[in-house]
Amino acid sequence: MSDPDHPPLVRIEGVTKRYDDVTAVDDVSLEILKGELFAILGGSGCGKTTLLRMLAGFEHPTGGRILIDGADMTDVPPYERPVNLMFQSYALFPHMTVEQNVAYGLKKEGLPAPQIRERVAEMLAMVKLGPLAGRKPEKLSGGEKQRVALARSLVKRPKLLLLDEPLAALDKKLREHTQFELANIQYQLGTTFVVVTHDQDEAMTLASRIAVMHEGKIAQVGTPGEVYEFPANRYVAGFVGNINLIEGQVTGRANGRLQLRADALDAELTVACDEPSGIDGSVCVAVRPEKITISREAPAGADRNVVKGVVRDLGYFGDQSLYRVRARSGAVVQVSAQNLRRSAKLTVEWDDEVYLSWEVGSTILLRT
Amino acid sequence: MSEAKDGHDDRSLLWLCRAVKLPYFWLLLFFLMPFLIILKISVAEPIVAQPPFTPLLEWGAQGFEGLRITLSNYAFLFQDGYYGIIYLSSLKMAAIGTVLCLLLGYPMAYFIARQPPGRRHMLLLAVILPFWISFLLRVYAWIGLLNNRGIINEFLLWTGIIDAPLQMLYNDFAVYLGIVYSYLPFMILPLYANLERLNLDLLDAAADLGARRWQAFVDVTLPLSVPGIIGGCLLVFIPAVGEFTIPALLGGADTLMIGRVLWDEFFVNRDWPVASAVSVVLLLLLIAPIMWFQRLQTREHEAAR
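Chains as they are written, first to last, in our numbering: chain A, 30 to 397; chain B, 5 to 309.
Treat the hints with care, as some may be off.
Cβ-Cβ distance ranges computed for the label pairs, FRET-style [said to hold, decoys possible]:
id	chain 1	residue 1	chain 2	residue 2	range
1	A	Ala198	B	Trp136	57 to 67 Å
2	A	Ala100	B	Ile294	56 to 66 Å
3	A	Lys168	B	Arg216	38 to 48 Å
4	B	Ile294	A	Asp98	55 to 65 Å
5	B	Gln119	A	Ala198	26 to 36 Å
6	A	Asp50	B	Gln219	31 to 41 Å
7	B	Arg123	A	His124	25 to 35 Å
8	B	Ile291	A	His124	48 to 58 Å
9	A	Ala100	B	Arg216	57 to 67 Å
10	B	Ala168	A	Glu138	57 to 67 Å
11	B	Met126	A	His124	51 to 61 Å
To spell it out: a stretch of chain A is covered by chain B in this simulated footprint if at least three of its residues, at any positions, have a beta carbon under 8 Å from a beta carbon of chain B; those stretches are [what the hints assert, rightly or not]:
id	region
12	44–54
13	101–108
14	131–137
Source of the hints: derived by calculation from the structure; they are not laboratory data. Here the structure is a predicted model, which means the values were calculated and not measured. Ideal Cβ positions, reconstructed from N, Cα and C, are used throughout, including at glycine.
For reference, chain A alone in the conformation it holds in the complex (with noise of 0.2 Å):
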């Protein structure tokens, strides 16, 4: 990461927030890299808004220093951070026309009246506003408001552009559709974008990498697929898309194996790991429902975790399906399974008996 060629854009070293006795932000360290849609996911609560916050220049840290480009920021004030934010309520000027909100920030610049009216019009262009420019923002449709509030944020060209859940006020439709226009404009610009959101969908399409915040601290930084593959702990496992928790204890280690005994489950279970010999007692292990086939017969096949069940729930959403696989000791496990073949009648029903099973490589062993 600490790329001497590559210095990264923004640098959040060791910064803390606390407000009286509560510590919003607790010690976080992060490098954002230059062009990157970093997404800072977390539940709602969890400090991310504030760490947004201290990065546009509305708070103040407690401790620690953000670094941007270089230059130490802790002491800028918002209006001359090189820094723009789109905020979650859109904050358009009521009483301005969408191109006198996109222009404000230019003419806070003091740039030339027709420089200005150049790059506002260029800028609407480019988020498809031209026709709505005379507007005033009561106006516009929610969709039509968060490309003003894009335009306006972007078009001072800041080397860092933050959108506070840039698509949390729009409904469902235009949500997926904006989702893609937003990337696709980080891509056109090339400016970084640093997302805050607590939809894991959202951050898992848009963001090249992201960070999971809970409790104020980072919980993991990684790409979506090192977040949702390899999730450091227990919070970012459970918090990023299903997945089903297994506790077990340590019956033997051997070739970078481990051996557990899970009683909920009533199976004995094979888990990865590189380091086996410090590991002890009684840990987790996690698999995710797509990762588990369900069977009638007994599989085939070593390199398997296998558990029987009984299915006790099922949810047919066409494309697939949703199994709730209760063991004979009670634990239930959820199972999703892609309708791949054509064909009315599944292949597993109520209350038949089951095998399901999941290679060795897809369990995941969770320390924390």
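Place chain B on chain A using the hints.
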């Protein structure tokens, strides 16, 4: 409708109230009727009698003989330059008083609106607290403060800052002070209501786009508070133009305000028709800003919806 026919008393009363629109009834009774009486007197001639003006309807031996209307009172107002000067002077004093209220009230309303909610309500209570004491008493109290042997002068003399009492009473200064003191809450309340609603994200957005705090105030807060400014100014200006108590108690002999002229015409000259004409003209002068205020309010209501 059917309930009204059934004759349930309270129900039919409710229906009646709805039908005649109680607010209009209220206006009719307490605004339009008195105005029509004043209008009637303003077109009569003064006579030495009880009441001291000629009746509108002429009744002769054959019964109704016709209307008796004269516009001479109005003609008198326009011929005598004195009234014109007083109208102008009243408008000027009310305008200056309004501007002073705005200059003082805006920062106060702004300050209150930026406090945490609990303290906001305390401060608002403090703003309206003077209303618990009679307006007349409060204006009287200023005499005690301002006169040559009043508390302020005594204190200044005692400290040695001045060696002769300052003339602070019975002049325009005292009248402005009285107007600002009495009408300040009417300026603060609508401004507060407006400023309190301001979305603070807008100020953050302005700062984010490169505006310093004062620029954000000029570009965002101020234009968005214009409805509050207009509302507050009209609430102060309209009653201040016709103010009687303040110029009568605190003003000097040369303080020209229409309220005092009205008083003099009614009670000193006992010329009710001219006095009525004076107040009708005053109403006509104020009707334009009142209607503007009304339109503004309906527009705000629509915008709020």
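Hint by hint, work out which the structure violates, then give me just those numbers in ascending order. Numbers 1, 3, 8, 9, 11 and 12 - these are the hints that the structure violates, sorted from lowest upward.
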